[in-house]
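Starting from the known structure of chain A, fit chain B onto it as the hints suggest.
There are 2 protein chains.
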Amino acid sequence: MSTILSGKEVAAALTDALVQRTQALKDRGISPTLAIVRVGEREDDLSYERGATKRCEKIGVAVRSFVLPANASQEELLQVIDQVNRDPEIHGCLLFRPLPKHMDDETVRRALAPEKDVDGITDGSLAGVFAGVKRGFPPCTAQACMEILAHYGYDLTGKRVTVVGRSLVVGKPVAMMLLQKNATVTLCHTRTVDMPAVCREAEILVVAAGKAGVVDASYVSPGQVVVDVGINVNAEGKLCGDVAFDAVEPVVDAITPVPGGVGSVTTCVLVGHVVEAAERTCGMA
Amino acid sequence: MSTILSGKEVAAALTDALVQRTQALKDRGISPTLAIVRVGEREDDLSYERGATKRCEKIGVAVRSFVLPANASQEELLQVIDQVNRDPEIHGCLLFRPLPKHMDDETVRRALAPEKDVDGITDGSLAGVFAGVKRGFPPCTAQACMEILAHYGYDLTGKRVTVVGRSLVVGKPVAMMLLQKNATVTLCHTRTVDMPAVCREAEILVVAAGKAGVVDASYVSPGQVVVDVGINVNAEGKLCGDVAFDAVEPVVDAITPVPGGVGSVTTCVLVGHVVEAAERTCGMA
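Read top to bottom, the protein sequences are chains A and B. Numbers 0 to 284, taken from numbering that gives the first Met the number 0, label the letters of the first sequence in order. Numbers 0 to 284, taken from numbering that gives the first Met the number 0, label the letters of the second sequence in order.
This is chain A alone, in the form it adopts within the complex (with noise of 0.2 Å):
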């Protein structure tokens, strides 16, 4: 038997802290303030705007929405990523990506100040999490990876962690989030040779591969501890993550499920951005 790691537990820990980060920062006169800027009605975008939405009226952090419609003009778009840059009551900006065909995506990521971007899409919050610095902020689902490890005290310093993936949105900045608390850390993908040997020789796996249940038990050591990424739809309709949760979880010693795991933890995250970066405004961080 393993343990579970419940993404809800961490969820429910960090916004206790951030109810009282929020507290503090309203009683020295400071509203939190996230604004979601979204162009069209993808449903995708819509899901997730609930629930960081209902997050953040948990904590009490204020939600200003800017919607464009999907033919909306690039331009347009620029101009309420500049009013959301000039306005010193809105503290971070989530972008819903990608944005449609007629926009570039660079153009537009290098028109939010970076110290708005809590989503972690920016150039200086890229240089930020590479550089092991406090500039801009990291992806939200990576450092949910963190928080989860954090909350349960795993030490990572001296660790073998592998992540499997290499994307920029978890992959990449989680491998350097793990460097900076001192791990020895692999990352694997798609052209490794014998994926499952690597998997294996690591003390903590991350996983962040974007293909339902692919790490099965020929993956897993006994004693590890496995964060799942994956958030898929299988063939009966069912949440399921990149590890075949069933196959791995008599194996290792602790393992995050799907749903009710990583997952569970990003909106919270990104609503700590947002308290984050209004502490900054006023040198509280």
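The hints are simulated quantities; they were obtained by calculation from the structure and are not laboratory data. Be careful, since some hints might not be right.
Claimed, not checked - Here are the simulated DMTMM-like pairs of lysine to aspartate or glutamate, each with C-alpha atoms no more than 20 Å apart in a straight line:
| hint | chain 1 | residue 1 | chain 2 | residue 2 |
| --- | --- | --- | --- | --- |
| 1 | B | Lys53 | B | Glu8 |
| 2 | A | Lys180 | B | Asp193 |
| 3 | B | Lys180 | A | Asp193 |
| 4 | A | Lys133 | B | Glu105 |
| 5 | B | Lys133 | A | Glu105 |
| 6 | B | Lys100 | B | Glu74 |
| 7 | B | Lys7 | B | Glu56 |
Leaving out everything else, chain B in the frame of chain A:
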């Protein structure tokens, strides 16, 4: 007997190719130009400047030096950088660091236009190497390692590579560049447990530990390729690497010497970035 991976040979080949690309630019009326910005007269800086200037001359790239006294104000330095940014006839800028203590490194780095950042010090360059896209330029020493591996025909896809050292100028960027070439990359550092074992399991070992001779025979295994990034001066006043060459060379398949290895390629990479920056201005790269 292992193969000696000669940095001088790589530098000669890169130089030949750069001479041709520079001529092609000149045929179009563009004279690739490097600005060297130096504050004070540190011996390390002067030595590197001599090497870079010599390499520029060999390739046909022009050099313009901007030298400020060690007690220059930050404002004066920012004015020089602004001048470099604005001058369309300057394509790249080498800014020597560390800066004097009375200057703020981040403020100064931020001032440099990323497209002229041929030494990979701006957030744009760091984000580019982290994301694996052409934005700014990677740090020259990290790329020098890649040039050596490329010149000697090593296909990195699926190879296990261990990088020793996690600095922002070598360890982290070379790890990202190796990943971009589809290697399975392990980053280790001073807090790694049993580093010799982590190194022995690699097929390619890149050593940027910053400590003379720290990688001895216990770190290597037969068949390995070893790239030694270190440049140290030993007790006898001789240049030596981070790898104990005499002990390691008989074990491994191939190794870069010090001197005559990675260090010999670095200025070529720098000048190559100037040429590429010039090419980018006219859509040739």
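Results of checking the hints against the structure:
1. Lys53/B - Glu8/B: holds (17 Å)
2. Lys180/A - Asp193/B: holds (17 Å)
3. Lys180/B - Asp193/A: holds (17 Å)
4. Lys133/A - Glu105/B: holds (12 Å)
5. Lys133/B - Glu105/A: Given that 20 Å is the threshold and the Cα spacing comes to 12 Å, the pair holds.
6. Lys100/B - Glu74/B: The hint holds at about 14 Å.
7. Lys7/B - Glu56/B: The given pair, whose Cα atoms are some 17 Å apart, holds under the 20 Å limit.
Hint compliance for this structure: every hint is met.
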